[in-house]
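Engineer: So the chains spell out like this:
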Amino acid sequence: MMASLKRYAASHLAAAGLVIVVVALFAALFGPWLVPYDPGAQDILQRLKPPLWQGAEGIHLFGTDALGRDIFSRIVVGARVSMLVGVSSVVISGAVGVTFGLIAGYEDKYAGRVLMMLTDIQLAIPFLVLALAVAAVVGPSLWNIIAILGLTNWVQYARVVRAECLVLREREFIQAAHMMGISSLHILTRHLLPNVMSSIIVISSLLVAKMILFESSLSFLGLGVPPETPTWGTMISEGRNYIGNAWWVATIPGFAIFVTVVGTNLVGDRLRDLLDPRLRQMEG
Amino acid sequence: MANFLISRLLYAAAVLLGVSVAVFFLIRIGGDPSALFLPPEASIEDIQRFRHLMGFDRPLIVQYWDFLSRAVRGDFGMSLRYEQPAMQLVLERVPATLQLGGAAFLLSIALAIPLAILAAANRGSLVDRASLLISLIGQSFPAFWLAIMLILLFSETFQVLPPSGRGSWQNLVMPAIVLATYSTAIITRLLRSSMIEVLQSDYVRTARGKGVRESRIILSHALRNAAIPTLTVIGLQIGALLGGAVITEEVFAYPGIGRLAIQAIANRDFTVIQAFVLFMAAVIVTINLLVDLSYGLLDPRLRRSK
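In the order they appear, the protein sequences are chains A and B. Using the UniProt record's numbering, the first residue of the first sequence is number 1, and each one after it goes up by one. Using the UniProt record's numbering, the first residue of the second sequence is number 1, and each one after it goes up by one.
Source of the hints: derived by calculation from the structure; they are not laboratory data. All figures in this text were calculated on a predicted structure; none of them were measured in a lab. No residue lacks a Cβ here, since even glycine has one placed at the ideal position from N, Cα and C. Be careful, since some hints might not be right.
Stated by the list, open to error - Which bits of chain A does chain B cover? Going by a derived footprint, with three or more residues having C-beta under 8 Å, they are:
1. 112-121
2. 129-143
3. 208-220
4. 243-252
5. 262-269
Claimed, not checked - Per the computed footprint, the stretches of chain B lying under chain A, defined by three or more beta-carbons under 8 Å from a beta-carbon of chain A, are:
6. 16-27
7. 149-158
8. 271-285
Using the sequences and the accompanying hints, generate a full structural model.
Structural biologist: Rendered as structure tokens:
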């Protein structure tokens with residue numbers, strides 16, 4: 001454990017990325033108990049106060065928004081939605097995609113062809129618009145967003161897992177397991193799955209970054225989680241109207257998204273370099 | 001070649017059919033949309049009459065068949081909001097989006113190709129590390145936030161560029177930058193890694209061995225071969241790239257098809273959403289078809305095997 005952590009941290013950038021991710025996860029888990037203000041508490045007398053370093057007399061580190069709510073507290077608490085959506089939707093797409101990929105890779109007859117077809121269909125759909133349309137008809141809620149993102153992003157898992165299974169199933173240990181009469185289910189879960197695990201981890205870490213961006217886009221357009229929950233995307237959308245006289249309201253939450261996504265991408269890149277350099281060719 | 005083309009075209013048609021199924025049923029999982037169009041005080045009879053008029057009272061599968069048989073004849077239905085055919089609304093906005101997309105594409109090519117070549121040719125150098133950092137940062141920007149930051153900088157602070165609308169070249173600058181950011185990052189990253197791989201191959205060593213100039217090796221031997229995997233992935237990512245246009249157009253109030261789609265979603269204008277998604281799918285499928293066909297131009301070996 002310590003040795004692999006050391007190997008990971010040999011890249012300073014990657015180590016910084018890991019720190020960012022840990023901080024974001026910590027904020028997501030314990031945010032409400034850490035913040036100096038109630039993130040929903042309005043204080044009209046304190047509205048649109050600039051951040052501390054702008055020389056404000058205030059007590060609000062990142063200033064306040066148009067309703068006088070403390071931006072720092074809202075950012076810390078807002079990490080919860082970003083991380084929850086990012087991680088849960090990736091778990092869903094991973095579960096769907098890996099199952100499909102294993103089956104299509106092992107029983108490469110119809111399943112393989114159906115998979116390729118589904119992949120091409122999904123790639124041909126302007127995903128963001130479809131996600132927005134579905135979010136609009138089913139209504140914005142946290143679980144709907146997670147389900148929509150999860151069920152529309154599994155293709156990459158399926159493709160990569162299938163490609164690896166097609167190679168693996170010709171290997172001796174799988175052939176041997178087959179001849180010993182071990183059931184297909186057992187071969188899939190005990191022999192093939194562990195061998196594709198490193199690819200799965202790499203795809204997942206990079207996908208979390210994308211999902212965080214998607215969620216913030218949906219929230220920004222008002223089709224994410226309901227507006228009373230503080231999220232980074234909604235904060236930017238609210239702050240956009242005050243961009244002329246209160247730049248910080250929209251700017252600071254954007255930094256939170258940007259930094260978190262950079263951190264997550266750094267971790268993903270490092271894992272890719274360590275676990276599976278071949279994947280570098282497969283996706284940007 | 002002809003067989004290859006025909007089978008690819010048939011496959012493309014099948015993909016579009018799949019897209020039509022997906023979009024038709026997905027935007028209806030919320031149930032009967034009648035309630036969204038009628039005022040809350042509408043009577044039960046009114047609702048019934050409206051449902052019958054719009055055909056919402058028939059089984060979904062019948063509605064789908066009706067939609068499909070009209071769509072293949074080019075009739076995508078009337079917009080539920082505007083008194084205009086849905087596809088016409090989409091097509092009217094295409095030139096604006098094409099202009100923006102074209103500007104962004106040229107911008108990202110002009111930045112990404114030289115950067116990737118310099119990085120791959122000087123691996124481990126400062127340029128190389130800068131290219132990795134640029135592609136990491138470019139991939140991590142929330143597009144809508146970048147757009148707002150540019151507006152803050154160029155429209156609010158320096159007042160040199162208009163924050164919204166369309167008309168002059170000034171209107172294109174910021175949206176094109178936002179749209180190009182992600183694709184520049186992706187293209188730089190992909191092209192760099194395939195260039196690095198190609199530069200280690202036998203034929204590059206042979207070319208070097210017989211004294212071909214390094215600039216010629218890079219530009220004509222390596223770049224051409226590295227272009228194939230890069231093009232493939234760009235083709236696969238084109239949907240995501242075009243999705244970025246939706247957000248960009250919305251923030252800059254740029255009157256393209258992306259903004260139309262957002263408005264259609266806000267209005268629950270199903271026919272326009274369907275027309276938009278199918279139009280985009282047709283564009284994406286066509287681009288990927290062209291990418292497939294371009295392999296033959298880039299790599300003569302593939303020409304014979306088809």
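Engineer: Out of the numbered hints, which ones does the structure contradict?
Structural biologist: none
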